[in-house]
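What follows is the residue order along each chain.
Protein chains: 2
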Amino acid sequence: MRTCPTHSAMKVASGSGDKAGFFTQGRWWLKALPVKFKAKIVGMARNIKKLGQEDPRRVVHSLKVGLALTLVSTTLYYPDQVYKNFGSDAIWAVMTVVLVFEFSVGATLGRGLNRVMATLLAGGLGIGAHYLAKLSGHIGEPILLVFLIFLQATISTFFRFFPKVKARYDYGVLIFIMTFSMITVSGFRDGHIFDIAQRRLSTVSIGSVACVIVSIVVFPVWAGEDLHNLIALNIEKLGNSLEGFGDEYFEKTGGEESKDDKKFLEGYKSVLNSNSSEESLANFAAWEPGHGRFPFRHPWKLYLKVGTLARECAYRIEALNGCLNADIQVSSEVSTIIQEACTNTSLESGKALKELALAIKIMVPPSSADSHIENAKSAAKNLKSLLKSGIWEDIDLLKVIPGVTVASILIDVVRCTEKISESIYELASKAQFKSVEPTLSPKKLHSGQNQSIKSAQLDNGPDVGINVRELTLPSPPSENSSAPKASKQRMGV
Amino acid sequence: MRTCPTHSAMKVASGSGDKAGFFTQGRWWLKALPVKFKAKIVGMARNIKKLGQEDPRRVVHSLKVGLALTLVSTTLYYPDQVYKNFGSDAIWAVMTVVLVFEFSVGATLGRGLNRVMATLLAGGLGIGAHYLAKLSGHIGEPILLVFLIFLQATISTFFRFFPKVKARYDYGVLIFIMTFSMITVSGFRDGHIFDIAQRRLSTVSIGSVACVIVSIVVFPVWAGEDLHNLIALNIEKLGNSLEGFGDEYFEKTGGEESKDDKKFLEGYKSVLNSNSSEESLANFAAWEPGHGRFPFRHPWKLYLKVGTLARECAYRIEALNGCLNADIQVSSEVSTIIQEACTNTSLESGKALKELALAIKIMVPPSSADSHIENAKSAAKNLKSLLKSGIWEDIDLLKVIPGVTVASILIDVVRCTEKISESIYELASKAQFKSVEPTLSPKKLHSGQNQSIKSAQLDNGPDVGINVRELTLPSPPSENSSAPKASKQRMGV
Numbered sequence: 001m002r003t004c005p006t007h008s009a010m011k012v013a014s015g016s017g018d019k020a021g022f023f024t025q026g027r028w029w030l031k032a033l034p035v036k037f038k039a040k041i042v043g044m045a046r047n048i049k050k051l052g053q054e055d056p057r058r059v060v061h062s063l064k065v066g067l068a069l070t071l072v073s074t075t076l077y078y079p080d081q082v083y084k085n086f087g088s089d090a091i092w093a094v095m096t097v098v099l100v101f102e103f104s105v106g107a108t109l110g111r112g113l114n115r116v117m118a119t120l121l122a123g124g125l126g127i128g129a130h131y132l133a134k135l136s137g138h139i140g141e142p143i144l145l146v147f148l149i150f151l152q153a154t155i156s157t158f159f160r161f162f163p164k165v166k167a168r169y170d171y172g173v174l175i176f177i178m179t180f181s182m183i184t185v186s187g188f189r190d191g192h193i194f195d196i197a198q199r200r201l202s203t204v205s206i207g208s209v210a211c212v213i214v215s216i217v218v219f220p221v222w223a224g225e226d227l228h229n230l231i232a233l234n235i236e237k238l239g240n241s242l243e244g245f246g247d248e249y250f251e252k253t254g255g256e257e258s259k260d261d262k263k264f265l266e267g268y269k270s271v272l273n274s275n276s277s278e279e280s281l282a283n284f285a286a287w288e289p290g291h292g293r294f295p296f297r298h299p300w301k302l303y304l305k306v307g308t309l310a311r312e313c314a315y316r317i318e319a320l321n322g323c324l325n326a327d328i329q330v331s332s333e334v335s336t337i338i339q340e341a342c343t344n345t346s347l348e349s350g351k352a353l354k355e356l357a358l359a360i361k362i363m364v365p366p367s368s369a370d371s372h373i374e375n376a377k378s379a380a381k382n383l384k385s386l387l388k389s390g391i392w393e394d395i396d397l398l399k400v401i402p403g404v405t406v407a408s409i410l411i412d413v414v415r416c417t418e419k420i421s422e423s424i425y426e427l428a429s430k431a432q433f434k435s436v437e438p439t440l441s442p443k444k445l446h447s448g449q450n451q452s453i454k455s456a457q458l459d460n461g462p463d464v465g466i467n468v469r470e471l472t473l474p475s476p477p478s479e480n481s482s483a484p485k486a487s488k489q490r491m492g493v
Numbered sequence: 001m002r003t004c005p006t007h008s009a010m011k012v013a014s015g016s017g018d019k020a021g022f023f024t025q026g027r028w029w030l031k032a033l034p035v036k037f038k039a040k041i042v043g044m045a046r047n048i049k050k051l052g053q054e055d056p057r058r059v060v061h062s063l064k065v066g067l068a069l070t071l072v073s074t075t076l077y078y079p080d081q082v083y084k085n086f087g088s089d090a091i092w093a094v095m096t097v098v099l100v101f102e103f104s105v106g107a108t109l110g111r112g113l114n115r116v117m118a119t120l121l122a123g124g125l126g127i128g129a130h131y132l133a134k135l136s137g138h139i140g141e142p143i144l145l146v147f148l149i150f151l152q153a154t155i156s157t158f159f160r161f162f163p164k165v166k167a168r169y170d171y172g173v174l175i176f177i178m179t180f181s182m183i184t185v186s187g188f189r190d191g192h193i194f195d196i197a198q199r200r201l202s203t204v205s206i207g208s209v210a211c212v213i214v215s216i217v218v219f220p221v222w223a224g225e226d227l228h229n230l231i232a233l234n235i236e237k238l239g240n241s242l243e244g245f246g247d248e249y250f251e252k253t254g255g256e257e258s259k260d261d262k263k264f265l266e267g268y269k270s271v272l273n274s275n276s277s278e279e280s281l282a283n284f285a286a287w288e289p290g291h292g293r294f295p296f297r298h299p300w301k302l303y304l305k306v307g308t309l310a311r312e313c314a315y316r317i318e319a320l321n322g323c324l325n326a327d328i329q330v331s332s333e334v335s336t337i338i339q340e341a342c343t344n345t346s347l348e349s350g351k352a353l354k355e356l357a358l359a360i361k362i363m364v365p366p367s368s369a370d371s372h373i374e375n376a377k378s379a380a381k382n383l384k385s386l387l388k389s390g391i392w393e394d395i396d397l398l399k400v401i402p403g404v405t406v407a408s409i410l411i412d413v414v415r416c417t418e419k420i421s422e423s424i425y426e427l428a429s430k431a432q433f434k435s436v437e438p439t440l441s442p443k444k445l446h447s448g449q450n451q452s453i454k455s456a457q458l459d460n461g462p463d464v465g466i467n468v469r470e471l472t473l474p475s476p477p478s479e480n481s482s483a484p485k486a487s488k489q490r491m492g493v
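Top to bottom, those sequences are chains U and H. The opening position of the first sequence corresponds to residue 1 in full-length UniProt numbering, with each subsequent residue numbered one higher. The opening position of the second sequence corresponds to residue 1 in full-length UniProt numbering, with each subsequent residue numbered one higher.
Hint data in this document are derived by calculation from the structure and do not stem from the laboratory. Watch out, some of these pointers could steer you wrong.
Below are the DSSO-like pairs computed for lysine-lysine, each with C-alpha atoms no more than 30 Å apart in a straight line [to be verified]: (1) 40/H / 166/U; (2) 399/U / 134/H; (3) 40/H / 164/U; (4) 377/H / 305/H; (5) 301/H / 49/U; (6) 377/H / 36/U; (7) 134/H / 305/U; (8) 434/H / 305/H; (9) 166/H / 388/U; (10) 31/H / 269/U; (11) 84/H / 40/U; (12) 384/U / 399/H; (13) 166/H / 301/U; (14) 381/U / 384/H; (15) 381/U / 388/H; (16) 84/U / 84/H; (17) 384/H / 384/U; (18) 381/H / 399/U; (19) 399/U / 388/H; (20) 301/H / 388/H; (21) 269/U / 305/U; (22) 164/U / 399/H; (23) 269/H / 419/U; (24) 388/U / 384/H; (25) 164/U / 305/U; (26) 164/H / 419/H; (27) 399/H / 49/U; (28) 166/U / 305/H; (29) 305/U / 166/H; (30) 164/U / 134/H; (31) 399/H / 399/U; (32) 164/U / 166/H; (33) 399/U / 164/U; (34) 50/U / 166/H; (35) 134/H / 84/U.
Computed from a predicted structure; not experimentally measured.
Let's have the full structure, built from the sequences with the hints guiding it.
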């Protein structure tokens, strides 16, 4: 059988054309590869640098995990005497370190305590289950054991859905299920169930204790302090947004465009979604012992209340921001009437919020904000009476609307600011914040503090959960003596 | 030495008084104990019932965990032949089940794949590290091993801070650190490092596969479906809030108080904070294979976009709600002028949002919402021209303000609704939603769907992360054949 010569020639030609195309493409791809690879590497290096610079505590945390792991594995594996004691169960200590070591002391302590207590409880119950099963004979034993494993796993898993359990004991319940199952099934094959349980408990305890010690001793990161700083920072962001709002709004109507300047926008936006990080920080903080300026049982829950009110204020600022980007802007004739009162209201409530943030930060009652709140209230009153006055009769209502909307939101913002102030007064009284002593002039303190708050804010990115950097504020003179030491340690971070 | 008799007598008397007080207190406490205990038990039982009723899938999930754990432990521990193969390493399969089994298929698959891949990678690298260390002699070996453990733990921990890694591979990195450390240190004591790594990999794989199979086969919970329903439900809640707003606002000014009726408030409030649950559901959904109405690579990220726009709309509704609770309410003369236009605007945008929710729910392009959006837009236009008209000249501006504020927020809400509609059109085109075929009259479909959406909403509590109950919608006729089977399975839940 012969094929048509022209047809086969065509086939070859088209085939070689495809091949040539494939090769050129392949060559191009190969040539591009090092360039692409280099770009990837450079991009990644830049990302790593950025992550580290945003919060150097991340680098320290990584080193701490390495240290704890190295400590535990060298102590339990290399000395022959110790290894004889624990045998291959030493691996549980290593595992514990990896699973328990968290970013903050509170999270690490919470996980460590959960793990140890759950292992203890599950070990005890597992031994009980083992002896109970032994009583039911050779055939009954495995059946009863399987039934008990099924029962405890089902019940415990359901308990994990309770909001309170989920918030604080989720990891413990998980470890309980695991340890109970392991002890009961191991016991079926290996008679020395008591030894198994005891060795597991001691290795888990060693691992947990090592984590907690490294976490507390080497540049500790306190969730409580992070929560404290996060709330203060959030309120300060709101203050900054408000302070800038008046000028931004009325300058814009004056013709100047400043859409590129997004900093003003970004400030309050991170407050809108900080709910979940606040809650988890408060949960971790509840595990922490007293540290620095915070005693044990510091009222962490009140911070959540302040945070919620701050978020409500942020919703108002979001509405103001909507006015900033609206199609219809305030007309110049309206602007001349309300500009001063609006700018004053937003400026004064912004200042009040910043003073409130500062009061939290340095832990004094927020009395320095009172005058600004009074000013804001009188500016709002002024604004109201302006709206009431007869000067509007000649102006078209549609032209008045944007200005009136802004004015009424601002009046609402003043109300929010008052509420925030009240909640901070409550916090100050429950947490026994002390007034600044007269030896340090308030003005000097404020300017110094403001600077450090500002520098901290510049360093902070949007990922607040792990990003709220420790502020190295000069501790106020009424502090206890351990504070300077702690802040010195932190300064090294 | 004698003491003064009167003095000692006084002491005794006061002492016995104290004692008597203590005993009465103690007795009272003991008497109260059973009552308190009973109250606690009853309260707990009520809580358990409530949790189960809110989402029966929680009960099913608990049973599934029990089932998977029982399956794995009976298969690996009881048959002698199998136990001979794995020995005490069988415990790793049990551990895997406890740590990998999650509420949704996506989360389980993600954790399982992370665990298996990380074990494989870490096992390989651990063996490599072991042979490298062997080369460096008897003294160099432990030093090099410790150094390698420290290095990998530090680097890997730092990688966990990358947002992308944190979102999808966090668990994998954790398991990588753990397995690498375990293989390297075990290898130092136990020469059979290859066996260790291989047994660990196979037990971990068995455990993961068991989890995935049970998770998919027994009443599967799909994170993707939950995300889909959550977004639809959120938009529907916004729609309900808006639909009711007009009547609520103007009736209130008419004198009727309805502060007790908080349902209207609660609807949109859960949308404000649903950001984190939406994100985690989208992350889990990305792991899921095609299921029911959702093919593999369904555009889950677009749901997040719709969710963000819905949240922006919720901020506006929060502002409207502020007007509802404001001190100064709209006056009756203003009310008569704008009531109709305002009520129409909120009613029509509410209806539009509910139609949009329905379109997502039944996966059709949201064209049924178009007419409502047009109505809302013309109502808003009407509102604007009312504001522009001359009827305001005789009324005091301060009286006009509340009404004008509500009107301008409502005009903004219409803009938000339009944006949401656009994003849902984008979703519909990317996800290839098909139009409803004419065999089923749209009216009939709508009423049926509305009912099931409503009943689902009644069942749902605020904890949306795990609470968005599967809706057993009759699948539209254009569905593929697997859908009815899936929905049948779900109906049994």
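How the hints compare with the structure:
1. 40/H / 166/U: 19 Å, holds
2. 399/U / 134/H: Violated. Residue 399/U to residue 134/H sits at ~83 Å, over the 30 Å cutoff.
3. 40/H / 164/U: 15 Å, holds
4. 377/H / 305/H: Distance ~23 Å between residue 377/H and residue 305/H Cα, so the pair holds.
5. 301/H / 49/U: Holds - the C-alpha atoms of residue 49/U and residue 301/H are around 28 Å apart, at most 30 Å.
6. 377/H / 36/U: Between residue 377/H and residue 36/U the Cα gap is close to 50 Å, so the pair fails against 30 Å, i.e. violated.
7. 134/H / 305/U: Violated, at roughly 58 Å.
8. 434/H / 305/H: Holds, at roughly 21 Å.
9. 166/H / 388/U: 55 Å, violated
10. 31/H / 269/U: Between residue 31/H and residue 269/U the Cα gap is close to 55 Å, so the pair fails against 30 Å, i.e. violated.
11. 84/H / 40/U: Violated, at about 48 Å.
12. 384/U / 399/H: 11 Å, holds
13. 166/H / 301/U: Measuring from Cα to Cα gives roughly 27 Å; hence the hint holds.
14. 381/U / 384/H: Holds: residue 381/U and residue 384/H sit about 28 Å apart, inside 30 Å.
15. 381/U / 388/H: Measuring from Cα to Cα gives roughly 27 Å; hence the hint holds.
16. 84/U / 84/H: The given pair, whose Cα atoms are some 25 Å apart, holds under the 30 Å limit.
17. 384/H / 384/U: Given that 30 Å is the threshold and the Cα spacing comes to 23 Å, the pair holds.
18. 381/H / 399/U: 15 Å, holds
19. 399/U / 388/H: 8 Å, holds
20. 301/H / 388/H: Distance of about 42 Å is beyond 30 Å: violated.
21. 269/U / 305/U: Holds - the C-alpha atoms of residue 305/U and residue 269/U are around 19 Å apart, at most 30 Å.
22. 164/U / 399/H: 48 Å, violated
23. 269/H / 419/U: 20 Å, holds
24. 388/U / 384/H: Satisfied, since the Cα-Cα distance of roughly 22 Å is no more than 30 Å.
25. 164/U / 305/U: 18 Å, holds
26. 164/H / 419/H: Holds, at about 28 Å.
27. 399/H / 49/U: 57 Å, violated
28. 166/U / 305/H: 29 Å, holds
29. 305/U / 166/H: Distance ~29 Å between residue 305/U and residue 166/H Cα, so the pair holds.
30. 164/U / 134/H: With a Cα-Cα distance of about 50 Å, the restraint between residue 164/U and residue 134/H is violated, given a limit of 30 Å.
31. 399/H / 399/U: Holds: residue 399/H and residue 399/U sit about 17 Å apart, inside 30 Å.
32. 164/U / 166/H: The given pair, whose Cα atoms are some 25 Å apart, holds under the 30 Å limit.
33. 399/U / 164/U: Not OK: residue 399/U and residue 164/U at ~53 Å, beyond 30 Å, violated.
34. 50/U / 166/H: 16 Å, holds
35. 134/H / 84/U: This hinted pair holds, its Cα atoms lying about 22 Å apart.
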